[in-house]
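**Q** Which chain is which? The protein sequence lines are A and B, in order.
If you want the working numbering, it's the position in the first sequence, counting the first as 1, plus 107.
If you want the working numbering, it's the position in the second sequence, counting the first as 1, plus 15.
Since the hints were made in silico from the structure, they are not lab data.
Ideal Cβ placement from N, Cα and C applies to all residues, glycine included.
Calculated pairs, DSS-like style, for lysine-lysine (alpha carbon to alpha carbon, straight line, at most 30 Å):
id, chain 1, residue 1, chain 2, residue 2
1, B, LYS81, A, LYS149
2, B, LYS81, A, LYS204
3, B, LYS29, B, LYS56
4, A, LYS152, B, LYS35
5, B, LYS29, B, LYS81
6, B, LYS56, A, LYS216
7, A, LYS149, B, LYS70
8, A, LYS109, B, LYS56
9, B, LYS79, A, LYS149
10, A, LYS204, A, LYS152
11, A, LYS149, B, LYS56
12, B, LYS70, B, LYS81
13, A, LYS204, A, LYS109
14, B, LYS79, B, LYS35
15, B, LYS79, A, LYS152
16, A, LYS109, B, LYS70
17, A, LYS216, A, LYS152
18, B, LYS29, A, LYS149
19, A, LYS149, B, LYS35
20, B, LYS56, A, LYS152
21, A, LYS216, A, LYS149
22, A, LYS109, A, LYS152
23, B, LYS81, A, LYS152
24, B, LYS56, A, LYS186
25, B, LYS70, A, LYS204
26, A, LYS109, B, LYS81
27, B, LYS56, B, LYS81
28, A, LYS204, B, LYS35
29, A, LYS109, B, LYS79
30, B, LYS35, B, LYS70
31, B, LYS56, A, LYS204
32, B, LYS79, A, LYS204
33, B, LYS81, B, LYS35
34, A, LYS152, B, LYS70
35, B, LYS56, B, LYS79
Only some residues are given here: those of chain A computed to face chain B with a beta carbon under 8 Å:
id, residue
36, GLU150
37, PRO151
38, LEU153
39, SER156
40, THR205
Each chain is listed here by its residues.
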Amino acid sequence: RKEVEQDPGPFNVPEGATVAFNCTYSNSASQSFFWYRQDCRKEPKLLMSVYSSGNEDGRFTAQLNRASQYISLLIRDSKLSDSATYLCVVNVGGGFKTIFGAGTRLFVKA
Amino acid sequence: GAVVSQHPSWVICKSGTSVKIECRSLDFQATTMFWYRQFPKQSLMLMATSNEGSKATYEQGVEKDKFLINHASLTLSTLTVTSAHPEDSSFYICSARDPGQGRTDTQYFGPGTRLTVL
Numbered sequence: 108r109k110e111v112e113q114d115p116g117p118f119n120v121p122e123g124a125t126v127a128f129n130c131t132y133s134n135s136a137s138q139s140f141f142w143y144r145q146d147c148r149k150e151p152k153l154l155m156s157v158y159s160s161g162n163e164d165g166r167f168t169a170q171l172n173r174a175s176q177y178i179s180l181l182i183r184d185s186k187l188s189d190s191a192t193y194l195c196v197v198n199v200g201g202g203f204k205t206i207f208g209a210g211t212r213l214f215v216k217a
Numbered sequence: 016g017a018v019v020s021q022h023p024s025w026v027i028c029k030s031g032t033s034v035k036i037e038c039r040s041l042d043f044q045a046t047t048m049f050w051y052r053q054f055p056k057q058s059l060m061l062m063a064t065s066n067e068g069s070k071a072t073y074e075q076g077v078e079k080d081k082f083l084i085n086h087a088s089l090t091l092s093t094l095t096v097t098s099a100h101p102e103d104s105s106f107y108i109c110s111a112r113d114p115g116q117g118r119t120d121t122q123y124f125g126p127g128t129r130l131t132v133l
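With the rest of the complex left out, here is chain B (with noise of 0.2 Å):
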């Protein structure tokens, strides 16, 4: 299957501070990836879609501002969070479809980026 990759794989970062967190297709070009989040213990909860060359779309209540999210080529989406709190500590996972597969509908996974935030 596609390969998805995050970096870093974890963060830990004192309270306002922004952490960059990076998505990568490695072998195919993904003109849309997810963000989720996952709280423990809790479903994995969509953020937003990245659209390379355009703006994020943004699930209802998730801040656009705070989480910011940029597609800048085919193969990178970038998630940062500003101003990080301690409720913002999370697993973030960013997926990707293939349109190269079969079924254009599953998605592939990053390996998540746990953040702490102190």
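Here chain A stands alone, though its shape is the one from the complex (with noise of 0.2 Å):
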């Protein structure tokens, strides 16, 4: 089993749309949680901290829930900009050990 698994998609949504992502982590010990984007062959540039009590960004909203290990990122009225790879992050121990998911392709359509 992968440490942090995603649905790798491609979600194709029209503009507009709201979609969701999940991810789940195996290591219990894990701290923090992110969602960076992923543009084609570019670097990750991170998008949103997790946080247990959830948070919003605009269009977008991270949520975390410990128990059962997931985490979500909510996209609200989505824009053809949107279209990227989103990486689900999570960091375990003390040490910060950074732990990557393969990440969930969107493709957001006229």
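These two chains come separately, so use the hints to put the complex back together.
**A** Laid out in structure tokens, this is it:
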């Protein structure tokens, strides 16, 4: 079993749609969680951190469920520019070993 | 956010040659940098943790004699792929944490170096 698992997709959605991604992690010692966005042939860029209380940044909402060990990302009112691969990232332990999910591909179409 | 640069952005080399990739933190000091490798349609895989002034820590399965890491200053880490072979062709990305930012566990990535070995 992979330490961080994501549905690879692709998710094909029309502009304006709401789309949700889930990510599960296996290590209960995981301490911090992030969503990164990676465009084709580019480096990952931090989208948002994920807090236990849930957090929102504009059209993006992230939630963490420690009991079930999963993280979610909700994108509302999808834009063409949201098309990318979304990486679920987990830091484990005090040394912050970072583990990346394989990513979920999103295509937003006009 | 913090800025990390990499050079070169892409390189094509012949099999058997060595390639050096530089990673720089431009507006902060990074005692620790990370080197990742990403094959097409796969996740980033941590290769090694680069520690300023000391030896790098390599992940299991990564040959330290093949992937030489030097972290000579607080703003520069280099990765040298020695005697490169076609199977080393990949996207190499470095990252660093900025202790001056609010969260010290957030990584900032360089733009990556695409290595193609012929």
